[in-house]
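Colleague: From first to last, the protein sequence lines stand for chains L and C.
The numbering of the first sequence is the numbering used here, which starts it at 1 and goes up by one.
The numbering of the second sequence is the numbering used here, which starts it at 1 and goes up by one.
Think of the hints as simulated: they come from the structure by calculation, not from any bench.
There's no promise every hint is true.
Said to hold, decoys possible - Keeping only pairs whose Cα atoms sit at most 30 Å apart, straight-line, the calculated BS3-like set for lysine-lysine is:
(1) L:Lys190 - C:Lys249
(2) C:Lys91 - L:Lys71
(3) L:Lys71 - C:Lys214
(4) L:Lys17 - C:Lys307
(5) L:Lys158 - C:Lys214
(6) L:Lys190 - C:Lys62
(7) C:Lys307 - L:Lys71
(8) C:Lys396 - C:Lys12
(9) L:Lys158 - C:Lys47
To be verified - With the C-beta cut set under 10 Å, the calculated list includes, among others, these residues of chain L facing chain C:
(10) Ala64
(11) Ser112
(12) Ala174
(13) Ile283
(14) Thr313
(15) Thr343
(16) Asp347
(17) Phe351
(18) His369
We put the beta carbon where it would ideally sit given N, CA and C, even for glycine.
What follows is each chain in one-letter form.
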Amino acid sequence: MYKIAHHLAWLNLWRRKARSLLVILMIIMSLSGLLALQGLYDGMITHLINTTIRSDSGEISLYAKEYRLDKSLDHILSHVSQVEEELSRIKEISTYSVRLEQEGLIATAHKSLGGTLKGISLENEKSFGRFDTFITKGTYSFGRKNKGALVGSALADKLHLKVGNRLIFTAQDANGEINAISFRISGIFKTGNPSLDENTVFVSMENISQFLGLTESATQIALRIKEADSIKKVQKELQILFPYADILRWDELYPLLIQMRDIMDIFNLTSYAIVFIIAALGIFGVILVSVLERIREFSIMLAIGTPYKMVRTQILLEASFLGLIGYIAGTFLGWILLIYMATAGIDLRSFKAGLELYGYSAIMYADIHFYYFFQAFFAVFFATLLSVLWPLHILKRIKPIQIIQGKML
Amino acid sequence: MLLSLAFKNITKSKGRSVTTILLSTIATIFFIAYVALMDGSHQQIIKNSVEIYTGYAHVNLKGYREESDYGHLIEDANIIDSILKNERAIKAYAPRFETYALLSAGETSVGSMITGIIPSAEKRLSKLESSLVRGRYLDNHDTHAIYLGNELAKRLKVDIGSQISLVGSSIDYSIAADLFTVKGIFKTGLFDFDAQSAFVNKPYLDTIMLSDNKASYFTLTFHDNDHIDRATTALQHKLPSAYEAVNWKNLLSALVQAMLVDSIFGYISISIFFLVIFFVIMIFSYVNIYTRIREIGLLRALGLTSKDIFGMLFAEILLLATFSIVIGTIIGASIAYYYELHPIVISGIAETYREYGVVSDEIPTHFDFFTIAWNALTIFVLNLASIIYPVSQINKLTAMEAIRYV
Numbered sequence: 001m002y003k004i005a006h007h008l009a010w011l012n013l014w015r016r017k018a019r020s021l022l023v024i025l026m027i028i029m030s031l032s033g034l035l036a037l038q039g040l041y042d043g044m045i046t047h048l049i050n051t052t053i054r055s056d057s058g059e060i061s062l063y064a065k066e067y068r069l070d071k072s073l074d075h076i077l078s079h080v081s082q083v084e085e086e087l088s089r090i091k092e093i094s095t096y097s098v099r100l101e102q103e104g105l106i107a108t109a110h111k112s113l114g115g116t117l118k119g120i121s122l123e124n125e126k127s128f129g130r131f132d133t134f135i136t137k138g139t140y141s142f143g144r145k146n147k148g149a150l151v152g153s154a155l156a157d158k159l160h161l162k163v164g165n166r167l168i169f170t171a172q173d174a175n176g177e178i179n180a181i182s183f184r185i186s187g188i189f190k191t192g193n194p195s196l197d198e199n200t201v202f203v204s205m206e207n208i209s210q211f212l213g214l215t216e217s218a219t220q221i222a223l224r225i226k227e228a229d230s231i232k233k234v235q236k237e238l239q240i241l242f243p244y245a246d247i248l249r250w251d252e253l254y255p256l257l258i259q260m261r262d263i264m265d266i267f268n269l270t271s272y273a274i275v276f277i278i279a280a281l282g283i284f285g286v287i288l289v290s291v292l293e294r295i296r297e298f299s300i301m302l303a304i305g306t307p308y309k310m311v312r313t314q315i316l317l318e319a320s321f322l323g324l325i326g327y328i329a330g331t332f333l334g335w336i337l338l339i340y341m342a343t344a345g346i347d348l349r350s351f352k353a354g355l356e357l358y359g360y361s362a363i364m365y366a367d368i369h370f371y372y373f374f375q376a377f378f379a380v381f382f383a384t385l386l387s388v389l390w391p392l393h394i395l396k397r398i399k400p401i402q403i404i405q406g407k408m409l
Numbered sequence: 001m002l003l004s005l006a007f008k009n010i011t012k013s014k015g016r017s018v019t020t021i022l023l024s025t026i027a028t029i030f031f032i033a034y035v036a037l038m039d040g041s042h043q044q045i046i047k048n049s050v051e052i053y054t055g056y057a058h059v060n061l062k063g064y065r066e067e068s069d070y071g072h073l074i075e076d077a078n079i080i081d082s083i084l085k086n087e088r089a090i091k092a093y094a095p096r097f098e099t100y101a102l103l104s105a106g107e108t109s110v111g112s113m114i115t116g117i118i119p120s121a122e123k124r125l126s127k128l129e130s131s132l133v134r135g136r137y138l139d140n141h142d143t144h145a146i147y148l149g150n151e152l153a154k155r156l157k158v159d160i161g162s163q164i165s166l167v168g169s170s171i172d173y174s175i176a177a178d179l180f181t182v183k184g185i186f187k188t189g190l191f192d193f194d195a196q197s198a199f200v201n202k203p204y205l206d207t208i209m210l211s212d213n214k215a216s217y218f219t220l221t222f223h224d225n226d227h228i229d230r231a232t233t234a235l236q237h238k239l240p241s242a243y244e245a246v247n248w249k250n251l252l253s254a255l256v257q258a259m260l261v262d263s264i265f266g267y268i269s270i271s272i273f274f275l276v277i278f279f280v281i282m283i284f285s286y287v288n289i290y291t292r293i294r295e296i297g298l299l300r301a302l303g304l305t306s307k308d309i310f311g312m313l314f315a316e317i318l319l320l321a322t323f324s325i326v327i328g329t330i331i332g333a334s335i336a337y338y339y340e341l342h343p344i345v346i347s348g349i350a351e352t353y354r355e356y357g358v359v360s361d362e363i364p365t366h367f368d369f370f371t372i373a374w375n376a377l378t379i380f381v382l383n384l385a386s387i388i389y390p391v392s393q394i395n396k397l398t399a400m401e402a403i404r405y406v
């Protein structure tokens, strides 16, 4: 019985080819568009999160208590080597970076700007977030005598700095004395993280420690965790090990990123809901007319003893075929679009300044997740189901003999 | 006759008519309200940046915007002052001297932007005075007084009456240093600005920086800022060739571009809704026309040409679209107008998105006749376009084929 219903549904679908194709085209266009947008928007947020984790927070960061509220050298992590020893014992931590920073005035011979001097270890930053890949000019080094500096690209632009130029950093040291130190620029970096690119000069840990009159000190220790599932576990472990420190996950340090991701998820779901409720209306129009056109045919089937169940199955299958063909073609097209956007990206370099103002990359890459296609399937499935409810209700109500006799519904 | 036939068909095919009217009306309302909200929020962000500090236009030495160093200062500010004074289109103007220096208080020091302003003139040009939260605003006779952003005050751990030392570089590149007392603290809501800016009475700062009769630029506002391109071009003609007049569109070009990109993404997102609505209207029109195919065949047999049939079907969609777009536009425009006067308030949004230049929890819509007109016209054209395919299909059939169509 199911086989006959299946066969009839398939044949009926192509009885009015143009009509069916219009519905399929509608599903293909809306589905592929939604998939492409979902991937692109997710890709934009993922880029922001990855950039932030790679260049700054890691999955977890340690700060001295109160440092984040009051960025003074009174609130720093001390005895760093002991902390490092403890960290090396935690197997979930893949790598970490110890940083020491101080705010001050960055000056050239002609101009000065407020900024931050940050001490790092080049080797650690390389394994931490592949910082060497952020270098756009010069080399990933602090020069032959380890006295060089890496400057953010936006800061370099503002100060008209080039590789080989000198800059002077003036700030208060740990004793409250105002000191100045000069560096030769060995490289210019661009992370995509505006706070780093616009304000920060990286120098060696030894240099900044000496300048500030500190030893074994850090303002931040950022950690990379091997598995995302173990982040919270490691955080708890660290909170017990270092009760004197603030142990914060990246999403606690940058709650705005999580909010943006949540808003994007809500936006995507709402888009699917609205688009497919409207699409259901289109499928409904076609199925309803298809049922009404064949109402005598269905009446005869019912009158000669065909169970209503079979007629219902046939209608359901007709709608499902429409949905399924649309889904397969739509996800295929959407997948191709996603693959293209994930590999070649969307080149928006003509809007570079505007995008970089908020930390977005001028070439945007899409994300591709398996769940996109599940989500799309459920949207098409529910739209199809919704569209047949009323036509089936009409069929259930009809009096077959009266219809055969030509009486109206 | 065609119009009356079209009208009869509309009333006869209630399902199709109601669906088309509903979808078109909802699409029109949605489009107008969405664009009004998007434009409103963008304009709000730009307006805040312009009015809080930047100003509607600047006059500076050519090259200052790129270099912004002491080598590109206005060397004789009095000349520019006298030109601006005689320019009728200008409502208010004032010179500013911007530099960066290290501000220190106790054991904390922060590199900050220090700006010399004419306090009385700034009242008409920026929101510095109205952003005061503690203490008092600067006056034209202040000497050692400094006016700080609240975030900068927090970073320096200072309050009204605290002493701050300034170490910077004067325009001859010698060291400039002085002690200031915090007279006032302001909060504009622009987080970066509040965290980095400090203001001093310009005549006094000039004595420290040796910048008497010099300025980084003049900030100004026109009587009619709605036609700022025209006003800026007119002003440019009156300036010496070494100077340039630049309006906010160039001064905040990155922000303007960011808003443009956001708008483009907004339009791309909303286009999917319209695409599906377009298809649904087309499907309903197609289904409706094909259920009337015999009737259409009969009309053709009675002597109506395919042009007449097109005219009749076009008149149907024209009537439906006009009705729904008029209703949709009235409702959509009312929403845009109402929320422009009474902005939507989302508590906490300014705090959450402060890094993105959001300074208020209020999000106004932007009511603009031209924008509303093109929004409505887009939906109208979509409606009309939806009929092209069904009509072209039906006109391919001869009268007999249509009558015999099964």
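Colleague: None of the hints should be skipped; say for each whether it holds.
Modeller: Against the structure, the hints:
| no. | hint | verdict |
| --- | --- | --- |
| 1 | L:Lys190 - C:Lys249 | 26 Å, holds |
| 2 | C:Lys91 - L:Lys71 | 43 Å, violated |
| 3 | L:Lys71 - C:Lys214 | 36 Å, violated |
| 4 | L:Lys17 - C:Lys307 | 25 Å, holds |
| 5 | L:Lys158 - C:Lys214 | 22 Å, holds |
| 6 | L:Lys190 - C:Lys62 | 28 Å, holds |
| 7 | C:Lys307 - L:Lys71 | 78 Å, violated |
| 8 | C:Lys396 - C:Lys12 | 25 Å, holds |
| 9 | L:Lys158 - C:Lys47 | 24 Å, holds |
| 10 | Ala64 | 16 Å, violated |
| 11 | Ser112 | 4 Å, holds |
| 12 | Ala174 | 9 Å, holds |
| 13 | Ile283 | 8 Å, holds |
| 14 | Thr313 | 23 Å, violated |
| 15 | Thr343 | 20 Å, violated |
| 16 | Asp347 | 13 Å, violated |
| 17 | Phe351 | 5 Å, holds |
| 18 | His369 | 19 Å, violated |
In this structure, the hints that do not hold are numbers 2, 3, 7, 10, 14, 15, 16, 18, in rising order.
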